[in-house]
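Chemist: Chains as they are written, first to last, in my numbering: chain A, 1 to 489; chain B, 1 to 120.
FYI, nobody ran anything at the bench for these hints, they're computed from the structure. Every value quoted in this text rests on a predicted model; they were computed, and no experiment measured them. Glycine included, every Cβ here is placed at the ideal spot set by N, Cα and C. Treat each hint with caution, since some may be false.
[Unchecked claim] In the DSSO-like style, the derived pairs of lysine-lysine whose C-alpha atoms are separated by at most 30 Å in a straight line are:
| # | chain 1 | residue 1 | chain 2 | residue 2 |
| --- | --- | --- | --- | --- |
| 1 | B | K40 | A | K159 |
| 2 | B | K114 | A | K152 |
| 3 | B | K61 | B | K113 |
| 4 | B | K114 | A | K151 |
| 5 | B | K61 | A | K152 |
| 6 | A | K151 | B | K61 |
| 7 | A | K159 | B | K114 |
| 8 | B | K114 | B | K61 |
[Said to hold, decoys possible] In silico contact screen, one side only, chain A against chain B (beta carbon under 10 Å); selected entries:
| # | residue |
| --- | --- |
| 9 | F8 |
| 10 | V29 |
| 11 | F30 |
| 12 | E105 |
| 13 | A108 |
| 14 | G180 |
[Stated by the list, open to error] Listed next, with one range per pair, are the computed distances between beta-carbon atoms:
| # | chain 1 | residue 1 | chain 2 | residue 2 | range |
| --- | --- | --- | --- | --- | --- |
| 15 | A | Y173 | B | V71 | 19 to 29 Å |
| 16 | B | F78 | A | T476 | 43 to 53 Å |
| 17 | B | V14 | A | V200 | 13 to 23 Å |
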Amino acid sequence: MNFPTQDFAALAPVGILSGGALILLLSEVFLASTRRGYQASLTVLFSILAAVAAAGGGSPGVIFNGQATVDAFSTFVTVIVCAGLALSALVGAGWLRARQAERGEFYALALFGASGMALLGSATDLLFAFISIEVMSISTYALAAYIRRGKKPAEAAFKYFILGSFSSALLLYGTALVYGAAGSTLFAEIGRAQGPLLVVGLGLVAVGLSFKVAAVPFHVWTPDVYEGAPTPVTAFMAAGVKTAAFAVLTRLALVAFQATPASAANSFAWVLAALALVSMLFGNWLALTQRSVKRMLAYSSIAHAGYLLVGVVAAAAAGAREAALSSILFYLASYTATVVGAFAVVAVLERRGRSLDEEPADAWDLERFAGLGRKRPGLAFAMAVFMVSLAGVPPTAGFIGKLLVFQAAISAHAYGLAVVGMLTSALGAYYYLRVVVYMYMRPAEDREIGLISPAIQVALALAVVAVIVLGVGPETVSKLARAAAAIGM
Amino acid sequence: MTPLQVYFPLALVVIVSAILAFLLVGLTNLLGPRRPSAVKSGVFECGSDPVGDAHGGFGVKFYVVALLFIVFDIEAVFIYPWAVLLKELGWVGFADMALFAFTLVIGLIYVWKKGALDWE
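With the rest of the complex left out, here is chain A:
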């Protein structure tokens, strides 16, 4: 048996991320010092290293006997995840320092979670995917419980853990049934099987993954968890977990149904289409009435899962595969930059209770944004850019992302989904732009200006630049995304 050097070389980004996590764990206990500023910088360094290793190193190919595939698609996903991790770590640095809660474990858990996400991008086997999902999820469960002061965060963490474990169990049960039907858990083999057992199994797998991407009707945990979790963690969940879960869902939908008889593929596509439809409708509709900006962003992330699912549906249809795949990747990149930035602003403005145990009910109320345009013009500008991008208005990344996804849907003849997507985007503009209206057209309610942290400012600047560059000159990234769309089967 030859030593599979290539297999390990292909996993270099994952190795860097988990090695970095171990280093941070050890430095936390051995360097007993009150200065912990280096931890966030180390995290950023490791995520940049991992992204570089993913982009530059390793020949693409099938590794671990077909259980995973390293290709341009997985590389793209890894880079997005690393970018999300770096930005969230910077936000975390400022947010945690203000609460005197900066610890190496926070960054170590985030790095471990990111390594699971990077693995998930290359998974081509249900069991491999399951283990990657668990690596990712267990880290985020712990992160969601990182600060449990007050009732809400504890409730959020517990809810996330219980419902997340439940969805993992469904995923595993589905995997077992699929194995019973197909005799294999490899994506490529699943497509060759048929029968009711396969349908039930794939249904359960789809439910499990829908939980992770927060698609309606499996979204109920999202608002509570996103609101209760520490804000940098929410940013990381919205960016990283969503990206990774969509990567595996897309790969499953494509690879598994390449070889299937049209009927099974069709029914799976119908399920995804239904999920996309209700996610777009309910996500946007429920976000309309939210006063808490953090909760509004949680519902908006459900709506964006809907738009991404439209892309997956288009990718599952034969006609527009490449366009749809590249649109999903572009959308994930633009959404990551935008959502981390938006949550960074929320983290800056978050109202803190007088004591550490108290979490005021209106911590993220819209009123907190009133008069921000005058109090902190830079911050208000950044938030305006993110809101406009989430709403899908040019010249921002969100616009190009939506454009590409709906174009792909139209060339896949999914006209209904494209129309609903455009209409709900218009609906969404109302609650995104309401934040902008509050910032620029309402007088300030008090003189509080929120947190001032260089780390968060760097993250915000990077996110704003990314959103505008992706919106004004999307060619480079969309070219990369198109190259990545030639998915390794």
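Dock chain B against the given chain A, drawing on the hints supplied.
Modeler: For chain B alone, kept in the frame of chain A given last:
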């Protein structure tokens, strides 16, 4: 033979054992004489008088110990089959397991320094 048919004997065992269990418990319930008394319906705790409520709180330290126990127990679960197949797996298997054990050792160092192993 589909993959599921292989498991038919297993299903048979499950069914037979289920029927047997129902028969044993059910028949005893149906046929056995029932003459309860105060002593008989008391809580049985190895002959001694029961003390306190079973729903009392436990120290959270037990939880940490249990967690650590599971981690290293699982390690043993992985190592046993690996040891059986060590010759066939060769250096690849050795490298894999070394990596796994190394990660766990770092975890152990971490919890040790963190003080999770001290009882007080």
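Chemist: Evaluate each hint against the coordinates.
Modeler: Do the hints match the structure? See the list:
1. B/K40 x A/K159: Distance ~43 Å between B/K40 and A/K159 Cα, so the pair is violated.
2. B/K114 x A/K152: Roughly 28 Å between the alpha carbons, so the hint for B/K114 and A/K152 holds.
3. B/K61 x B/K113: 16 Å, holds
4. B/K114 x A/K151: The given pair, whose Cα atoms are some 27 Å apart, holds under the 30 Å limit.
5. B/K61 x A/K152: 25 Å, holds
6. A/K151 x B/K61: With a Cα-Cα distance of about 23 Å, the restraint between A/K151 and B/K61 holds, given a limit of 30 Å.
7. A/K159 x B/K114: Satisfied, since the Cα-Cα distance of roughly 28 Å is no more than 30 Å.
8. B/K114 x B/K61: 14 Å, holds
9. F8: It holds, given that the least Cβ distance between A/F8 and chain B is near 8 Å, below 10 Å.
10. V29: 4 Å, holds
11. F30: 7 Å, holds
12. E105: 9 Å, holds
13. A108: Result: holds, 9 Å to nearest chain B Cβ.
14. G180: Interface hint status for A/G180: holds (6 Å vs cutoff 10 Å).
15. A/Y173 x B/V71: 19 to 29 Å: 25 Å, holds
16. B/F78 x A/T476: 43 to 53 Å: 45 Å, holds
17. B/V14 x A/V200: 13 to 23 Å: 20 Å, holds
Of the numbered hints given earlier, the model fails hint 1 alone.
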